[in-house]
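Chemist: Here is how the chains run, residue by residue.
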Amino acid sequence: MRRALPAGLLALPLFLFLAAIYAWPVGSLLASSVTDPSPGWQNYRHLFTVPVYLHVFFNTFSLACVVTIATLLLAYPVAYHLSVVSQRQLRWLMFFILVPSWTSILVRSFAWLVLLGRRGIVNSLLLSLGLLHHPLQFMFNTGTVAFAMVEILLPFMVLPLYATMRNIDLTLMQAARGLGAGRLQAFWHVYLPLSLPGLMAGISTVFVLCLGFFITPTLLGGRRDVTVTMLIMQQFTALLNWGFGAALAAVLLAVTLAVLLLFNVVLRAGRRVA
Amino acid sequence: MAEAALSLNALTRHYGGSAAVDGVSLSIAPGEFVTLLGPSGSGKTTILRMIAGFERPDGGSIHLGSRDITHAEPERRNIGLVFQSYALFPHMNVAENIAFPLRMRGVPAAAREAAVARMVSMMRMTGLERRMPRQLSGGQQQRVALARALVFEPPVLLMDEPLSALDRQLRREVQSEIKRIHQSLGVTIVFVTHDQEEAMFLSDRIAVMRQGRIVELGTPAALYAKPASKFVATFVGDANFLAGTIAALDGNVASVRLSNGTLAQGQAVATLAVGQDVACMLRPEQIKLESGAGAVLIGRIELVNFLGGALELECTTPAGPLKIRTATGAYATGDTVHLGWSPADMRIYVAGP
Chain A
0 MRRALPAGLL ALPLFLFLAA IYAWPVGSLL ASSVTDPSPG WQNYRHLFTV
50 PVYLHVFFNT FSLACVVTIA TLLLAYPVAY HLSVVSQRQL RWLMFFILVP
100 SWTSILVRSF AWLVLLGRRG IVNSLLLSLG LLHHPLQFMF NTGTVAFAMV
150 EILLPFMVLP LYATMRNIDL TLMQAARGLG AGRLQAFWHV YLPLSLPGLM
200 AGISTVFVLC LGFFITPTLL GGRRDVTVTM LIMQQFTALL NWGFGAALAA
250 VLLAVTLAVL LLFNVVLRAG RRVA
Chain B
0 MAEAALSLNA LTRHYGGSAA VDGVSLSIAP GEFVTLLGPS GSGKTTILRM
50 IAGFERPDGG SIHLGSRDIT HAEPERRNIG LVFQSYALFP HMNVAENIAF
100 PLRMRGVPAA AREAAVARMV SMMRMTGLER RMPRQLSGGQ QQRVALARAL
150 VFEPPVLLMD EPLSALDRQL RREVQSEIKR IHQSLGVTIV FVTHDQEEAM
200 FLSDRIAVMR QGRIVELGTP AALYAKPASK FVATFVGDAN FLAGTIAALD
250 GNVASVRLSN GTLAQGQAVA TLAVGQDVAC MLRPEQIKLE SGAGAVLIGR
300 IELVNFLGGA LELECTTPAG PLKIRTATGA YATGDTVHLG WSPADMRIYV
350 AGP
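First to last, the sequence lines map onto chains A and B. With numbering that gives the first Met the number 0 applied, the first sequence closes on residue 273, and no number is skipped along the way. With numbering that gives the first Met the number 0 applied, the second sequence closes on residue 352, and no number is skipped along the way.
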């Protein structure tokens, strides 16, 4: 105990800092969901009885699911490749993976506008080649939003996967083959379970980031691609309905935590079965 | 002779321009324990990897019984393999590791459990079935790897320096264990090591490898008593070498003038000519401590090493240093000793590496 004490004290400044600028304001904001405009559960009753809000929640979560799955499928082979290349190649590949993520999300979302807009690069090119007679509407639909989100979130999937895969001993795959497992069986029974920690870390990171995405769906999405974050923004800034905005935020937070918890349970159960 | 369990025919493998394995042929009888012995880079592990199917030969063929497996996928070969690092699956417990090859073969759960239980008791690991590999000692991991490689009753078991990670004491134990299992199961084993003591302890036959080739193949006793080359003499067992030149030849019997001018008789192993530089090999236990009359050289003891059942004396003589092994006696550093040997024991090789 004597030794543990100083380490705990060292963390105290950060703890106080977070308490002052994060826990207290967020806590009081969430509390306003049951106090504003008047004490009671009416904000939550409103949220759960008006179908459009539930619909927005459903949209947000299904978009997050699609983006997470697509990101995983794209990132898994990339991470595997990173884990087997030489150090020199690895430095270059990492550079190309990381550079885009150092660019602001706002800039990258606008870049998609430049690329896919009605008079964007893709449309101009196709028109001038005579492949199109009228510009196509790439923008303002769910597909484009998902596409851009996958592009932005890829590094968050690649990096944890790579960190796990780097430590998987490839002799194990040879051992599996030698013991009678085909390539797919060796992957399924040996490689995949060993990559699970990175896979789950990547999935939960990307999924949670998806739920909080605001700029990309706002810029690239259509009228039907409203996400919970957009709704919250609207309540706070346009309608000045703080109590209801806080209720939306509270439900989003609760559902996010529930999903993370579920991931954890599934991961543990999966490990026990395997 | 019965059909070979495993036969290699002119097996060749190149890396870049150089041959890692250069035309190796070897026929292994059912139930035989054959060791590929050689220094690192001699191609022994490459041969093992080609037999297992992890590397493609550039030439030659591999037959398992009558089946040509030269180009078969590893999982279709039905060969057991124990890796140097054991390669136990870290996310599976002992029983799951051992059951893995049976699961891959679609063996029903009941039969699988019975086979795993058999292997566990054979490896004396009862009670450890639910342990994860990281909770096991090196020797226990080794036994799990062995059980996993044997549980599907492969006709041939390959072992790639499986004992190099164990300490000396444990290594002896596991060696006896492997020998016991080999005798009780009658499985054919191809074993790779650079440790000559281990090779001699375990093997029915040893293939001594150098630069991608088998330089000599024989029983441990034959390799020890009558090595065909200076390299094999050095690599198998302890050997003393005295430099000299051929003074006279009479059939296989050669008279050698040692570097101090002494004449000594020995067996010519290669074709030699009078005046040729040679290396004369003597095993440490073949040198006798004479009372005077039969002595060839007079030496001075520099070091006395106690080996338990024997003494090892490191001597200097006018013809060069000699190591002598003898039953216990009263010897001390600085003593003068008279050294002699039977001409039949001294083997004369062409000088050089």
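Check the hints yourself; a few may be wrong.
Simulated coverage check for chain B against chain A, where a stretch passes if three residues somewhere in it have a Cβ under 8 Å from a Cβ of chain A [unchecked claim]: (1) 66-74; (2) 100-112; (3) 295-305.
By construction, these hints were calculated from the structure, which means they are not laboratory data. All residues carry an ideal CB built from backbone N, CA and C; glycine is no exception.
Chemist: Now tell me, hint by hint, if it's right for this structure.
Modeler: Here is how each hint holds up against the structure:
1. 66-74: Since three or more residues must qualify, the claim that chain A covers the segment 66-74 of chain B holds, with 3 doing so at under 8 Å.
2. 100-112: holds (count 4)
3. 295-305: Three-residue rule not met by the segment 295-305 of chain B, so violated; n is 0.
Of the numbered hints stated above, the single one contradicted by the structure is hint 3.
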